[in-house]
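K.L.:
Sequence:
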Amino acid sequence: MSAQYATVVVFISRTWDVVSNLIAGRLISSTNTRFGRMKPWIFWSGILLIPVYFLSWYVPPNLPDVVKMIYYLLLSSLFMFLQTANNVSYRTLVMYMSDDENARNRATLIRGAVELVAVVVGIALHGQIVAAYDTAPEKACRLANSTDNSTNHRIDPEELEDVKNGYLISAGAMCGMSLLATLIVTLGVKERRDMERENEQNLNGNFLKTLKGVVTFRPNVYFLIYDVCLYSPTVIYSGGAAIYLQYSLDLRSQVPNILLITVVSTVVALPAVGVLVDKFGKKPVYIVMVALTIPFLTGCGLVPPGNLPVVIVIIVFMGALMSANSYIPWTMLSDIVDAYQLQTNQRLDTLFFSMYLLMCRLASVLGQAATTVALVIGGYVTGECTQPESVDTSLRILMSGLPVGLSLIGLVCLIKYPITEEIRKENKEALDEMTASLQEMKTPVASK
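First residue of the sequence shown: 77, per the numbering used here; consecutive thereafter.
Hints in this document: simulated from the structure, not taken from any laboratory. Every residue gets a Cβ at the ideal spot worked out from N, C-alpha and C, and that includes glycine. Where hints are given, some of them may not hold.
[To be verified] List time: in silico DSSO-like cross-link candidates among lysine-lysine, alpha-carbon distance up to 30 Å:
id, residue 1, residue 2
1, Lys285, Lys492
2, Lys240, Lys144
3, Lys355, Lys504
4, Lys355, Lys501
5, Lys504, Lys285
6, Lys492, Lys355
7, Lys266, Lys504
8, Lys504, Lys288
9, Lys288, Lys501
10, Lys501, Lys266
11, Lys492, Lys288
12, Lys504, Lys492
[Said to hold, decoys possible] What follows is a list of derived Cβ distance ranges for each label pair:
id, residue 1, residue 2, range
13, Val197, Asn241, 16 to 24 Å
14, Leu150, Pro381, 40 to 48 Å
15, Lys240, Lys492, 46 to 54 Å
Work out the full structure, taking the sequences as your base and the hints as a guide.
P.N.:
Shown next, in the form of structure tokens:
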């Protein structure tokens, strides 16, 4: 499919993804069944995601590009909504597992670690399966280098039939893992029904007014701004790393290994982040880790081609420092929900979590847009074995200069974030007192 039609699919589906966060949050907030509020959404969205995901890797034969565009646009939009509904309900579930903050933080840390392990498994499994079939590009480029270095050679689409089969086999393996994960969460995690009334809010009135209150809540404003600024570099890195490694650093054969090393270093560092947070607090640890990331982001754009040892050193440290993004923001979000409840006497867990995921999706759209613009400006040509020098310059700015600028903005907002460790402890004590008072009011007074 041509790049023009592919761009339409990506940007329309990503835009719909941003909107679907609000729709999913509203629908989940209004759900109340005998099986709970979150688990029905986790189960059905997880089950429906499986066939949609598999079909997304199926290429309809002998269809014009415009029909393929419609096919993938429908599948991608449906996938985005189901994934959003699954993410919102799954991540909000931690608020319905316990009313103890320490227990929720431990659950969040374990969830983050297991998610990263799943990424490692996914990358390894997908990479090995596809690599077994993905030989056409390397053969074409080796032929180009051995015959005529002055002429670019394009990859013949007919040579990619085996690659399509590799992606379908990988998709089938991922679907099996997804089914297992959905059943484990649905059957193995208990959603506390006694917390439903405490967390349930009447949003059937003025939903937009409630949404405005959530968006303009001062701690949430700083939180969402620095989330976009700090999450966008992660999206840029994940989206542009493969191309950067191939055409700027001349490390095409090392792409799967380097991506795997990045995620493994993140997984290994995550428990240490949890220990540091317990000892020094969320905000100080997050500030230090974001500040330490900036020199490595800068160095990422200065690495000379072919220098694999330097690349490995940089990505190990970057992966370890970026582990904070997998844990700390989710625990800070819980603090914001508590602070909002104290100020307004409303507990809007689902709405806050869906708003946070919405901003993550927005950051994803911005990151992908930046990657696309950088490739267009640099003169990137799809399917070519070699690229102009301008592509190298654009990729280095994309992978280094832009993330550094965004990280600095995010760091300023993070420093101004008003919920310090002292305020967090005060809010927790106030909430404990409020909960105890409510329990006393519900307890019948014994007659003398």
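K.L.:
Determine for every hint whether it applies to the structure shown.
P.N.:
Now the hints, each set against the structure:
At roughly 26 Å between alpha-carbon atoms, Lys285 and Lys492 fall within 30 Å of each other, so this suggested pair holds. For the hint pairing Lys240 with Lys144, the CA-to-CA distance comes to about 15 Å; that is within 30 Å, so the pair holds. A C-alpha spacing of about 17 Å is found between Lys355 and Lys504, which places the hinted pair at or below 30 Å, so the restraint holds. Restraint check: the Cα-Cα separation between Lys355 and Lys501 comes to about 14 Å, which is no more than 30 Å; the hinted pair holds.
Under the criterion of a C-alpha separation no larger than 30 Å, the hint pairing Lys504 with Lys285 is consistent with the structure, at around 27 Å. With a CA separation close to 21 Å, the supplied pair Lys492 and Lys355 stays within the 30 Å bound. For the given pair, Lys266 sits about 24 Å from Lys504 by alpha-carbon distance, which is consistent with the 30 Å threshold. Using a Cα cut-off of 30 Å, the hinted pair Lys504 and Lys288 holds, with the two alpha carbons roughly 25 Å apart.
A distance of roughly 27 Å separates the Cα atoms of Lys288 and Lys501; the hinted pair therefore holds under the 30 Å criterion. For the suggested pair Lys501 and Lys266, the alpha carbons sit about 27 Å apart, so the restraint of at most 30 Å is met. Between the alpha carbons of Lys492 and Lys288 the distance comes to roughly 21 Å, so the proposed pair stays at or under 30 Å and holds. Proposed proximity of Lys504 and Lys492 is supported: the alpha carbons are some 21 Å apart, at most 30 Å.
Range check, Val197 to Asn241: about 21 Å between beta-carbon atoms, so the 16 to 24 Å window is met. For Leu150 paired with Pro381, a C-beta distance near 41 Å keeps the hint of 40 to 48 Å intact. Between Lys240 and Lys492, the C-beta spacing of about 50 Å keeps the proposed range 46 to 54 Å intact.
Comparing the model with each numbered hint stated earlier shows that all of them hold.
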